[in-house]
Amino acid sequence: MDTQITVENQGLMYNLRHRFTRLGRDIARNKTSYLFLAPYAIIFITFTVLPVLVSIILSFTHYNMLEKPVWIGWQNYLKLFLSDDVFLIAVKNTFVFAAITGPVGYLACLFFAWMVNEFKPKIRAFFTLLFYAPSISGNAFLVWQIIFDADQYGYLNGLLMSLGLRDDPIAWLYDPRFILPICIIVTLWMSLGTSFLVFIAGLQNIDPSLYEAGAIDGVRNRWQELWYITLPSMKPQLMFGAIMSITSSFAASAQIIPLAGFPSVDYAARTVVSHLLDYGSVRFEMGYACAIATVLFLAMVITQKIVQRLLSKVGE
Amino acid sequence: MKIDFSIRRMKISRSAGGDIFLLFVLITTGLFMAIPLVYTITGAFKPMNEIFLYPPRILVRNPTLDNFKDLFILMSETWIPITRYLANSLLIVVLGTGGHVIISSMGAYVVCKHQFPGKRFFSEMVVLSLMFAAEVTAIPNFLIMSKLGWINTLKSIIVPAWGYSLGFYLMSRFMTQIPDVLLEAAKLDGASEFRIFWTIVMPSVKPAWLTLMILSFQQLWRDQGGRFIYKEVLKPLPYALQQMASGGLARQGVAAVVGLIMMIIPIILFVFNQSKIVETMTTSGID
Chain C
1154 MDTQITVENQ GLMYNLRHRF TRLGRDIARN KTSYLFLAPY AIIFITFTVL PVLVSIILSF
1214 THYNMLEKPV WIGWQNYLKL FLSDDVFLIA VKNTFVFAAI TGPVGYLACL FFAWMVNEFK
1274 PKIRAFFTLL FYAPSISGNA FLVWQIIFDA DQYGYLNGLL MSLGLRDDPI AWLYDPRFIL
1334 PICIIVTLWM SLGTSFLVFI AGLQNIDPSL YEAGAIDGVR NRWQELWYIT LPSMKPQLMF
1394 GAIMSITSSF AASAQIIPLA GFPSVDYAAR TVVSHLLDYG SVRFEMGYAC AIATVLFLAM
1454 VITQKIVQRL LSKVGE
Chain W
41 MKIDFSIRRM KISRSAGGDI FLLFVLITTG LFMAIPLVYT ITGAFKPMNE IFLYPPRILV
101 RNPTLDNFKD LFILMSETWI PITRYLANSL LIVVLGTGGH VIISSMGAYV VCKHQFPGKR
161 FFSEMVVLSL MFAAEVTAIP NFLIMSKLGW INTLKSIIVP AWGYSLGFYL MSRFMTQIPD
221 VLLEAAKLDG ASEFRIFWTI VMPSVKPAWL TLMILSFQQL WRDQGGRFIY KEVLKPLPYA
281 LQQMASGGLA RQGVAAVVGL IMMIIPIILF VFNQSKIVET MTTSGID
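In order, the protein sequence lines correspond to chains C and W. Taking the working numbering, the leading residue of the first sequence gets 1154, the next gets one more, and so forth. Taking the working numbering, the leading residue of the second sequence gets 41, the next gets one more, and so forth.
Examples of chain C residues lying across from chain W (beta carbon under 10 Å, computed):
no. : residue
1   : SER1208
2   : LEU1283
3   : PHE1284
In short, the hints are calculated from the structure, not lab data. All of these numbers come straight from a predicted model, not from anything done at the bench. Quick reminder that beta carbons are idealized off the backbone N, C-alpha and C, glycines included.
The shape of chain W in the complex, shown without the other chains (with noise of 0.2 Å):
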């Protein structure tokens, strides 16, 4: 695999000097920033007496796998079978990120492409509310979920995800730049209200979604359940290895591995998403 590391040249506004400050400020910062990543993967495989070498290092010695094997062995004692805990989040993550994707779309494909009463005070009532603290909306949460029975189920973390204000707005904004002539044509040859948002609107904000993808899908992942859920046989993967990893010192190792699966989850969907929205790119021609 050859990569370029050419900035591209076929605009006539870059000065060669500009082209390498760029590049300055980016290798600079970018290692500043990549420190918690490579923190995170050494210290799986850091041995006992290097996780609690004081300062602590960075880099890692003498790699080792024993936490992995802990880890392992410590997975196949649950009481709960691992399995069961990891199809309750793949249940989370897929049903939640999917839902919010579509739902939140239509609804943003309509609010900002028809014309329709209410429509305006609806949009304004989203960016409102992702402004009030979701610190004290939590006891009335509680109180809705009791009322409609939803205590100790997954539901009550997928449903409440499919209207989170955050997909909205973002796809609300990107679908403002869908110009209206590409709406009338389809619908002039007859094309459905639903054919025209998944065979035209959606795929003109590619890059949106793909992006509210990766958003959604690290906030799902990261849930523990603990609000809503009660019974052990409904809790998710990270509750569970979030128990493991809480064992005091001599978990320490395992503690750092479940800190690795928790971070290497969400950066393989968020490579394979980005390599996605480079696939767009190329067959409209850009890149």
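Next up, chain C with everything else stripped away, as it sits in the complex (with noise of 0.2 Å):
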């Protein structure tokens, strides 16, 4: 018995060092690599992943900034899917807004980067200034505010009025039945961002002998051109597109809680990170707040997946 166990512990202990060895090697046959990489992997690794790392261990906490975290293990997950009525809500609402500000954005971007690339340098450069303003400029979508005010001076009531459509004001941002679809169009004014100008930048990237050789083999038109030599030719940059669109779309708060309030009326604005917020920065419940992260985190990484193997079929 003791024998067969030392043979076993050296068996191992062999392994471990030729493994240790292997690693050495590989890092010593690759060190141009390694410090290439060293000085972002250590700032990323301290600012970045460590601190998700220690968020995702706190989701397992019950912490509330003061005292120190208690353990809980997965008491905050079951309490979010079983008696969080309100996280629900908001998982409904944050599921709407994605499910249309994620592809109907990234379809914008996709398309406005495209049609402005059609033009002469000056001129395209002219029209990515406009179309990217909204969000260069700050908190101007409230601008759209004014245009929902609940009175008849609103602009959409007082136009809706001198048409003689309606005979009084709606309180747009306070009806819950508005809110979200707002919500969703000033979120899409808005999102000609960072996809945008990274698909320009791509399609600026692409060989412009390509084009030629797709005329001589026959592309008809420009719809046919996009499909077959612009689209493949940029994949790298449409899944950029992809994940920017999916991290915008499921985190979104930062429009949503000025325009619709906070907490809106009846949560129908609610949406995962504003209940994060809620707990994180109202309740002092870090580590319920954690859970939340972790849980949109997870949703996202599949969606993220499954967006991969659907861009893998363009340009087919």
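Put the two chains together into one complex; each comes in its own frame, and the hints tell you how they fit.
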């Protein structure tokens, strides 16, 4: 018996030592690669990975930010799915919101980037600036509050009433039926952001000789050219845009809270992130907020895997 | 300066009807998107009575420079000279953006073009990190900063900016498109890795890092230093401007000018960078 264990141990030790020497050899052989990556990797791990890991661990604790966290296992998650009815509303809203703003915003970025790219450089720069304006000008989306004001001086109410379509103003941002659709419209309006710029950069990176070759091969119109040449040659950027759309549509709250109020009427514009903010910065239940963040994270990862599969079909 | 409005005609696959349709869509949506831009610019020139006009007008009737004068008076009266805030902001924005572009590009280059153990795992980790809500990582982040003793230093904003996930992911997406033959040829000529990175890889993804500069600049420019900086002498400019703008009704005019300044600086960089992208295109003979 004893000898067997020692033999097994020796085997394990040998295995480990073998692994470490191999790892050491790998590092030595790829020294330049690791040196290039090291500055980024160290900073990224310290200021991004570490906080994320700590947050995931905190999701298994009760933590009010003043006292030490207390380990409570899966309790936050059980509470989240079994007894938090507001969370279920938030999930439903986020799902509706993301299902519309994600794909539509993504396609809008792509469409406008492609369209702008049809023009000569100076015109292109001008239109790029116009479309990017809502993202560059801070909280300019508050202009929409004037449009959707609840009295007859709000632009939309004024328009409807002067056209004789309505006799009394609608309280757009206080009516649970309209809050979420309005948030969706405003979000779409400001969706030409990061992905839009990256798509334009991607379009400019495409080798122009591909288009000439395509024309010879019988590409008849710009739509065929888009599908068979342009999109396949910017697949990396398409994936980048998809990730951006997923993160911004699932984690939206920055524009929703000022528009719809916090908490919004009847939780009509409650999203997962505003639910998280409620627990994190109002009720000081950080452990619970971390559990919400972890669930949201998993939902995004699953969506990303599905989208990745869809995007691999582009140009086929 | 002559601006040519015609759509590129060099491609055969273009129909006139399609061109007109595209131009029509572009102009109508463009007008719609430009509202905040116009509103912010005109707001800065509105006299008090027009600022409080309800419902608000987009255009200005009697433009005035009073708001600018008010802001300059406030600026000259600050307890800490305004140039100090400006210097802090410049340090944050220039070092933060420059470092982010270079450091994340170096990392992205080896992950895309070199073979070594752990590279797949690392790039997957960067993508995943983009999907974790930043709202809950604030507390662990603060703890790390205070452990490092970086609270109340400018590097608490600059150094983390170097490690943002966005730049690494963006650069690595573009770098996968560089043909390997190009790099192998340089390697055969005996060029060092850093030389290859600096003289071949970076120039061939110029549109990517010019775009990244805009994105990173915009994010850092808005940072008011609230999370880690509590000393007045280390606060950035947007913080000082925000303080001047938030003085109730009487400061609404100043607030409008502050809004304009906050918007115009990123736009200047944006226009500059876009013209650089155009330059790369002309030298490579595309347009």
